[in-house]
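Chemist: Residues per chain are reported as follows:
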Amino acid sequence: MRDEKFEKTMEAWAKHETLSAPKMRPTVEMYRMVEARRKPGILTILLSRRAVWATAVASLMVLMVLYVRLYDPFMLFTPAPAQEVAYVGLRAGFAAQKGVIVIGTSVPSRGGPKKAPPILARLVLQSQEPDSPFVQALDLQNPPDQAVTLTSADNYRLVLEPVKDGYVYVFQFTSSGVLVKLFPNETYNPAQNPVRQGQSHYLPSQPNWFYLGQEKGEERLYIVASTEPLPQLEEGHSQYSAADEGSRKQRLLSTLLEALETIQDTHADTAAGWVFSFHHR
Amino acid sequence: MLSDEQLMEQLQRGQTGALDALYQRYAKRLYAFCYHSTRIHPQDVEDLVQDVFLRVIRGADTYNPRKASFRTWVFRIARNRCIDVVRRSQVVQFTPLTRRAPQDEHDEAFAPQVGIIDQEEGDPESAVIGMSTIEAVRNCIAELTDQAEKQAILLYYLGGKVYREIGEMLGESTSTARNRVQSAQQKVKRCLERKGIHATV
Numbered sequence: 001m002r003d004e005k006f007e008k009t010m011e012a013w014a015k016h017e018t019l020s021a022p023k024m025r026p027t028v029e030m031y032r033m034v035e036a037r038r039k040p041g042i043l044t045i046l047l048s049r050r051a052v053w054a055t056a057v058a059s060l061m062v063l064m065v066l067y068v069r070l071y072d073p074f075m076l077f078t079p080a081p082a083q084e085v086a087y088v089g090l091r092a093g094f095a096a097q098k099g100v101i102v103i104g105t106s107v108p109s110r111g112g113p114k115k116a117p118p119i120l121a122r123l124v125l126q127s128q129e130p131d132s133p134f135v136q137a138l139d140l141q142n143p144p145d146q147a148v149t150l151t152s153a154d155n156y157r158l159v160l161e162p163v164k165d166g167y168v169y170v171f172q173f174t175s176s177g178v179l180v181k182l183f184p185n186e187t188y189n190p191a192q193n194p195v196r197q198g199q200s201h202y203l204p205s206q207p208n209w210f211y212l213g214q215e216k217g218e219e220r221l222y223i224v225a226s227t228e229p230l231p232q233l234e235e236g237h238s239q240y241s242a243a244d245e246g247s248r249k250q251r252l253l254s255t256l257l258e259a260l261e262t263i264q265d266t267h268a269d270t271a272a273g274w275v276f277s278f279h280h281r
Numbered sequence: 001m002l003s004d005e006q007l008m009e010q011l012q013r014g015q016t017g018a019l020d021a022l023y024q025r026y027a028k029r030l031y032a033f034c035y036h037s038t039r040i041h042p043q044d045v046e047d048l049v050q051d052v053f054l055r056v057i058r059g060a061d062t063y064n065p066r067k068a069s070f071r072t073w074v075f076r077i078a079r080n081r082c083i084d085v086v087r088r089s090q091v092v093q094f095t096p097l098t099r100r101a102p103q104d105e106h107d108e109a110f111a112p113q114v115g116i117i118d119q120e121e122g123d124p125e126s127a128v129i130g131m132s133t134i135e136a137v138r139n140c141i142a143e144l145t146d147q148a149e150k151q152a153i154l155l156y157y158l159g160g161k162v163y164r165e166i167g168e169m170l171g172e173s174t175s176t177a178r179n180r181v182q183s184a185q186q187k188v189k190r191c192l193e194r195k196g197i198h199a200t201v
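Chains A and B supply the protein sequences, listed in that same order.
With the working numbering applied, the first sequence has no gaps in its numbers, which climb one by one up to 281 at the end.
With the working numbering applied, the second sequence has no gaps in its numbers, which climb one by one up to 201 at the end.
Hints may be right or wrong, so weigh each one.
Pulled a few chain B residues facing chain A out of the computed Cβ check, cut under 8 Å [claimed, not checked]:
{"hint": "1", "residue": "A27"}
{"hint": "2", "residue": "K28"}
{"hint": "3", "residue": "L54"}
{"hint": "4", "residue": "R87"}
{"hint": "5", "residue": "T133"}
Here are the simulated DMTMM-like cross-link-like pairs (lysine to aspartate or glutamate), alpha carbons at most 25 Å apart as the crow flies [as the list claims (entries may be wrong)]:
{"hint": "6", "chain 1": "A", "residue 1": "K15", "chain 2": "B", "residue 2": "D44"}
{"hint": "7", "chain 1": "B", "residue 1": "K28", "chain 2": "A", "residue 2": "E29"}
{"hint": "8", "chain 1": "B", "residue 1": "K161", "chain 2": "A", "residue 2": "D3"}
{"hint": "9", "chain 1": "B", "residue 1": "K187", "chain 2": "A", "residue 2": "E7"}
{"hint": "10", "chain 1": "B", "residue 1": "K189", "chain 2": "B", "residue 2": "E135"}
{"hint": "11", "chain 1": "A", "residue 1": "K23", "chain 2": "B", "residue 2": "E135"}
{"hint": "12", "chain 1": "B", "residue 1": "K161", "chain 2": "A", "residue 2": "E11"}
{"hint": "13", "chain 1": "B", "residue 1": "K161", "chain 2": "B", "residue 2": "E5"}
{"hint": "14", "chain 1": "B", "residue 1": "K161", "chain 2": "B", "residue 2": "E172"}
Bear in mind the hints are in silico, worked out from the structure with no lab data behind them.
Glycine included, every Cβ here is placed at the ideal spot set by N, Cα and C.
Working from the sequences, and respecting the hints, build out all of it.
Modeler: Structural data, given as C-alpha cells:
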C-alpha cells in the first residue's frame with residue numbers, strides 16, 4: 001500500500017470515527033459550574049438584598065454615632081471620673097470644646113532666651129475644665145502674673161511650635177516630688193528630637209490630654225529648647241529614674257533640677273529654658 | 001470564528017456558550033480517542049468524555065494558553081484519564097488476528113453500518129470509505145500492543161498532526177513522538193496489507 005493511500009485511508013477512518021461518535025452535550029452540572037465562574041456586575045452587587053441590608057445597617061450606625069457626637073443626648077461622652085494616677089495621667093479631652101480663651105500678659109516669664117536665638121514661636125499651656133465649654137490657653141512665654149490653679153479633674157496639655165529645627169526637652173516636677181520626663185517620651189508623643197520647624201507639636205499628642213494625680217501642691221513645668229542636643233538631660237533623667245529611692249536618687253534629682261534651672265547660663269548661646277509653676281488643688 | 005483559546009477565555013469568565021462551542025469541537029474527537037484507547041463500553045466512554053470536560057472547567061484557571069494550545073491541554077487530560085481508567089478496570093483486550101466482527105451492542109453502537117461519511121465536507125473521494133476498511137483499521141489499531149504507540153497514532157489522526165503537540169500530550173520529546181507515530185503507522189499499514197486492504201481508497 002502506498003503511503004499516500006494509507007494516509008487517505010487513515011484520514012477517512014479518523015473522520016468516520018469522529019462523525020459516528022454519539023452526539024453529546026454538556027450536562028446541567030457543567031453549565032452551573034461555568035455560570036458560577038461569572039463575576040457579578042457592580043449593579044447586581046449593589047441591588048442584592050444583602051447589600052441593601054448592609055447599607056441600611058451601616059447608615060443607621062453612622063447616624064447613631066454622628067447624633068451622639070453632635071448632641072450628646074444621653075451624656076454618653078461625659079468624661080469618666082479620673083483614675084487614680086501617681087503623677088501625670090493621660091486621658092481623652094472633654095467633648096465640650098467650643099473655643100479657646102487665651103490668657104496672657106506682657107509680664108516676662110521666668111526664663112526665655114538670653115542670648116540664644118528664638119527657637120519656639122509658640123509655647124502654650126492649654127487647659128480645660130470638665131464643666132466649661134472653653135479651652136484656656138496660657139502663653140508660657142508671656143504668662144499671667146496671677147497664680148494658675150488646676151485640679152485633678154482638669155485637663156492640660158502643651159503646644160509647641162518651633163521657629164527653627166531644634167531640640168526640645170520637657171519635664172514636670174510634680175507635687176509628689178517626682179520629676180517626670182514628658183518629652184521626648186513615646187508614652188506621650190511619638191515625635192523625637194530634633195523637632196521640625198513650622199509644625200505644632202501637642203504634648204501629649206492629640207486627642208490626649210494630661211491630668212494631675214491626687215497629690216496636691218505645686219507643680220512645675222521645665223521646658224528647654226536648644227539648637228544643639230542636650231544628652232546630659234536625658235542621661236541624667238535615666239539615671240534618676242533607674243535609681244532606687246534614697247539619698248542617691250535625691251542627689252541625682254537635685255543635680256538635674258539645677259541643670260534645668262541654669263540651662264540658660266550654662267548654654268547661653270544655644271539654649272533657652274522656661275520654668276512654669278502652677279498650683280494643684 | 002473564535003479560536004479554542006479565545007473560547008477558553010470566555011469559559012473562564014463564565015460564558016456557557018463557550019462550553020457549547022468547545023464541546024462541539026472536541027467531544028466527538030475525544031470520544032473516538034478514549035474509545036480506542038480504552039475499549040470500554042460506549043456509555044462509559046461518554047462518561048469519560050464528560051469527566052474530561054468537568055476537569056477542563058474545574059481547571060480552567062490553571063490553563064495557560066502560552067504554555068500549550070487548548071487542543072494539547074484537553075487531549076493530555078483525556079489521555080491521563082484513559083490511562084487511569086485502564087489501570088483501574090484492569091481491562092486487558094486480546095484482539096483476534098482475524099477480522100473482528102461486531103461482538104456486542106456497543107461495537108454496533110460505535111460503528112454504524114453505513115460506510116459513506118460526510119460527503120459534503122472535503123474531498124468526496126477521500127471521504128468515502130468502506131465499512132470493511134474501517135473495521136480493518138480499527139482492528140489493526142487494536143492490535144497495537146505498545147500502548148504508547150497506539151496513543152501516538154490515535155493522537156496523530158484524531159488530535160491533529162503536529163508532532164510537537166503529540167509529544168506534549170504524551171509527555172515526551174517531539175522526536176520520540178514522531179518515532180512512535182511512524183512505527184505505529186508501519187505496523188498498521190502492514191496489518192492492513194495482511195488483511196488485503198490494498199485498493200480500498
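Chemist: If a hint holds in the structure, say so; if it doesn't, say that too.
Modeler: Here's how the hints hold up against the structure:
1. A27: Holds, because the Cβ-Cβ distance from B:A27 to chain A comes to roughly 4 Å (cut-off 8 Å).
2. K28: holds, 4 Å
3. L54: Holds: closest Cβ of chain A sits about 6 Å from B:L54, inside 8 Å.
4. R87: violated, 24 Å
5. T133: holds, 6 Å
6. A:K15 with B:D44: Given pair A:K15, B:D44 holds - Cα atoms ~22 Å apart, limit 25 Å.
7. B:K28 with A:E29: holds, 20 Å
8. B:K161 with A:D3: holds, 15 Å
9. B:K187 with A:E7: holds, 13 Å
10. B:K189 with B:E135: holds, 14 Å
11. A:K23 with B:E135: holds, 21 Å
12. B:K161 with A:E11: holds, 11 Å
13. B:K161 with B:E5: holds, 19 Å
14. B:K161 with B:E172: holds, 16 Å
Against the hints set out earlier in the document, a violation occurs for number 4 only.
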